[in-house]
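Using the hints, put the two chains back together into the complex; each one sits in its own frame.
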Amino acid sequence: MHIMEGFLPVTHAVTWSAVAVVCVGVGLRSINNAVKEKPEVKMLLGVAAAFTFILSALKLPSLTGSSSHPTGTGLGAILFGPLAMAPVAAIVLLFQALLLAHGGLTTLGANIFSMGVIGPLVGYGIYRLGKKAALPLSFTVFAAASLADLATYGTTALQLALAFPDPTGGISAALFKFLGVFAVTQIPLALSEGFLTVLIFNFMQKYSGNELSQLGFLSHSEGRL
Amino acid sequence: MSGTLKNSLLLAAVVLLTAIPLLTIKAPGGGQTAIFTGTDNQAQDVIQQINPDYQPWFESLFTPASGEIESLLFALQAALGAGVIGYYVGYVRGKRAQKAGADGVNRAH
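Heads up: the protein sequence lines correspond to chains R and Z, in order. Numbered according to this note's numbering, the first sequence spans residues 40 to 264. Numbered according to this note's numbering, the second sequence spans residues 33 to 141.
One or more hints might be untrue.
Calculated cross-link-like contacts (lysine-lysine; reagent style DSSO-like; alpha-carbon spacing at most 27 Å) [to be verified]:
1) Z:Lys127 <-> R:Lys81
2) R:Lys245 <-> Z:Lys38
3) R:Lys170 <-> R:Lys77
4) Z:Lys58 <-> R:Lys75
5) R:Lys245 <-> Z:Lys58
6) R:Lys77 <-> Z:Lys127
7) Z:Lys131 <-> R:Lys77
8) R:Lys98 <-> Z:Lys38
9) Z:Lys38 <-> R:Lys171
10) Z:Lys38 <-> R:Lys170
11) Z:Lys58 <-> R:Lys98
12) R:Lys75 <-> R:Lys245
13) R:Lys245 <-> Z:Lys127
14) R:Lys216 <-> Z:Lys58
15) Z:Lys131 <-> Z:Lys38
16) Z:Lys131 <-> R:Lys81
17) R:Lys171 <-> R:Lys216
Sample of chain Z residues with no beta-carbon within 12 Å of chain R, all distances over it, derived [said to hold, decoys possible]:
18) Gly133
19) Ala134
20) Asp135
21) Gly136
22) Val137
23) Asn138
24) Arg139
I should point out that these hints are in silico values taken from the structure, not numbers from a laboratory. Positions of the beta carbon are idealized from the N, C-alpha and C atoms, including for glycine.
Pulled out of the complex, with its shape left as it was, chain Z reads as follows (with noise of 0.2 Å):
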């Protein structure tokens, strides 16, 4: 399989693992119930179920002022993290494609 073939498949494999929930998956009561709700929050419930007395001894420090901040923050992690592989990706080609390029001058001398 080509190198392209393979990475273009395992692309489609996210995609698609990704999108088959958002399609399939409907709220129940007409949309009434919130549907993907974080599985952190529903540990909490969990934790509230089995001990209704636990009362959090803790608050975050600084909370986002809305959903919109916060997955301003969430956007900023991850870009974060896609620049330095951005950088990574064309530096190494780079580095390849003049070595190539040396290579090939040098052979033609």
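Next up, chain R with everything else stripped away, as it sits in the complex (with noise of 0.2 Å):
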């Protein structure tokens, strides 16, 4: 789960935000682009939002007795390219850091990067690649959808390391601390996202292929800005 308020040093803190601030600010531009583009897709851009909504408010029992949450990122990367989840990421995290005291205000620069950037952004790599090797497209949405989740974990253990190194082992033996909190609870987890993603992404496949054509021409664009 996301980095809990007030605990990442202020320097870290505003290091985090600045990047945050970027990324958002280049997400927001990408959407626009795209909705301006094709008002048709705006729908499919609620559904990515409303998909992450859901699946980051629910925090699942994993098999290692810890409980997390899926973010559903993987989705509106693979349709929109990875830019466009930083802002969904931003409310989706607003909301909890103000509302739910999950998460928070200090950290959420930090967080709003691992979910709405990094994760995004290797679900987005996932998928482009999967497209290459021409794996069949359940598969390929399943695997950035259940990476991007893992991802954004791991990047959380890696924030988290580099603010608080291990007094003897540095920060690749806080790495291994942290990792071992939240990677491992996060892979059942990371699954059933990648499920829950190939189960609306087939539908969407078979009511909006329109919209999805268009999209695969947009994010086509998008992925060599």
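Here it is, written out as structure tokens:
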């Protein structure tokens, strides 16, 4: 789950916030362009955002005996490119930081970066690789969504390790400890997220084929930005 | 594989992945130790262990008054998302059905 309020030192909090502001800005421009060129895709954007709302609200039990929640950002990254999910993640994280005491304002930037930037980038990269390798689309979508989920929490662990290096083992020992908390717990959840993403993507293919083919073109041009 | 079968299998996989931990993992010490706590709280423990002097320098502006209120807000978040997706599913299916109906009428004339 996200880094809790106040649990990043000030310098880290400020740095990640600055990075997140830039990413959200670029993401907003990317969304604006996509919607201006093809207004029909607005509804799919809403669905991608809604998917993230649902999945990041579901704290699920894992085989490690801990709970965490998926992110839901892989779907939007596949549809709209890696940049578009930063503003979506920002909205969800702000909602949770303000109303749920989950995550926080001082850690918002770091959490946007893991959930809205790195996760979607990894998901989008896997999706492009899978397409290039001509793997079955369902499998590619599954892998992209699952790995976007895992990458998000891998990033969270890295951010915490950078902020709290182990006194004897340094950053790598701390990373190992934080990955022990986040990564293993996340594996079954990431699989669930992959399955659910395939489910909704199949539905979109069946009922929103036109919009998807327009987005195929859009995501291509975005990829070259 | 038919679409319905595939979708059912996908849903079944998610249910299993969620249910198996609930059914198989028992709290150690006869239920004395809490299980299924959040990874965010566990990360806090790791932070305290690495750097016992670290003090969080900012508090949440608003904290839900109880676990009930917190689950209310989480349910609200999920419900908002589910509402939008439900709207989309109904909209595109209705559009498809309407189009199929109109095509049928055109062919009849």
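Provide an ascending list of the numbers of those earlier hints which the structure does not satisfy.
As far as the earlier hints go, 4, 5 and 17 are violated by this structure, in ascending order.
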